[in-house]
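With the hints as your guide, set chain B onto chain A.
Just so you know, the protein sequences line up as chains A and B, in that order. For the first sequence, the numbering used here gives the first residue as 52, with consecutive numbering after it. For the second sequence, the numbering used here gives the first residue as 52, with consecutive numbering after it.
One or more of the hints may lead you astray.
Given that identical chains are not distinguished, each listed pair holds provided it fits within a single copy or across any two copies.
Unchecked claim - SDA-like mimics (lysine to any residue), calculated; alpha carbons at most 20 Å apart, straight line: (1) 74 - 204; (2) 182 - 159; (3) 182 - 165; (4) 182 - 100; (5) 74 - 165; (6) 182 - 170.
Don't read these hints as lab results, they were simulated from the structure.
2 protein chains.
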Amino acid sequence: MILYDHPLSGNCYKVRLLLAHLKRPYERVSVDVLGDRTQRPAEFFEQNPAGKIPLLVLDDGRCLAESNAIMSYLARDTDYLPDDAFVQAQVLQWMFFEQNQHETSIAARRYWVSIAESSEPAAALLPAWSKAGDRALEVMEQHLRTRDFFVGERYSIADIALYAYTHVASEGEFDLEPLPAVRSWLRRVAAQPGHVRIEDGADASSAAT
Amino acid sequence: MILYDHPLSGNCYKVRLLLAHLKRPYERVSVDVLGDRTQRPAEFFEQNPAGKIPLLVLDDGRCLAESNAIMSYLARDTDYLPDDAFVQAQVLQWMFFEQNQHETSIAARRYWVSIAESSEPAAALLPAWSKAGDRALEVMEQHLRTRDFFVGERYSIADIALYAYTHVASEGEFDLEPLPAVRSWLRRVAAQPGHVRIEDGADASSAAT
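For reference, chain A alone in the conformation it holds in the complex (with noise of 0.2 Å):
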């Protein structure tokens, strides 16, 4: 399988993170996606309708786009992903919930304020995204005061999705002190076995290859 990918993304990171934990290997080929559009090998938009990473290519050449889609493929039949047909509804739900509430705020406050030059053409948008990703963390709050992992008392794919652009709100300006539960439930999932950190990508992929 090839991954089209960067290095920084989170959206990348949450792909990267479960094929370590499944020990899949893989070829990992970076996109400039900060640069040119036109810079992007062509092959890349044959499958991809929305010519965003990360990018899958299956071995025999079929392209799934969305990490949280992706993330559902690889993980089907495999501990990250229950089996019953409810609990993965509420694996889907957190899912859905990170990006449309919490990847739109967080992930793009964190690139404007971190990863881009400037945050100047961003300028109008950033208190909307501080207020909407503020909401979006307490929501997660509320709900691991109770529990280890969002869905059925274990680790899973809603885990990685919700992980990737948590544990670097802080690029973001985003305040994780007064959240207790989210802080225990990030260090719960570094500690899984197999775990990789968002900067061990290179690594990964290439001990995984």
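Relative to chain A, chain B alone:
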């Protein structure tokens, strides 16, 4: 089953449309999401971490939130979600695209322009939503130029997810005129057996219960 719902919400409409196709009976409870949160029924928040609609309460009392997670659960083993694992992942890919890149701009702009009393509180965000929504619609147009439906050449919950806010995008001041493939697809979706309109909600519910 009970569906906590709002008649104007596209996310709620997705679930009503699928339930109409499936001829599943349900009770509909309107939640005043535009007003004071404290006026919402207490049981609405008990198993609903983000406090949003739609919320589906199953016959055994278990709850599911997030429209696309609810649809994934209800569509399992029906004609609206293909059996194949990879094709299911493609359906999820489009549903995550919808919640991340489409609903966040098109539904948000529609709310502030056509539903809220004034768009003034969101004035700083309207231009970014225009740009992001137009980009999402263009991704749909490119994909539909060579296809009748989003995945596997058949109508699925991926189409329902994307139809909900696309067919009312003009209420957010989005122009579908330059998007002939999207407009043809909207007509194909509306021609599906068992189709109900967003404004038919009350009729569909009373017919189904």
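Here is how each hint holds up against the structure:
For the homomeric pair residue 74 and residue 204, neither the shortest alpha-carbon distance inside one copy (23 Å) nor that between copies (34 Å) is at most 20 Å. Proximity of residue 182 to residue 159 under the C-alpha cut-off of 20 Å is found in both arrangements, the shortest distances being 13 Å within a copy and 15 Å between copies. Proximity of residue 182 to residue 165 under the C-alpha cut-off of 20 Å is restricted to the intra-copy arrangement: shortest distance 18 Å within a copy versus 23 Å between copies. When the C-alpha separation of residue 182 and residue 100 is checked against a cutoff of 20 Å, the pair qualifies only between copies, where the shortest distance is 17 Å, while the shortest distance within a copy is 31 Å.
Proximity of residue 74 and residue 165 under a CA criterion of 20 Å is satisfied in neither setting, with 31 Å inside one chain copy and 50 Å between copies. Within a single copy, residue 182 and residue 170 get their C-alpha atoms as close as 17 Å, and across copies as close as 18 Å, so both meet the 20 Å cut-off.
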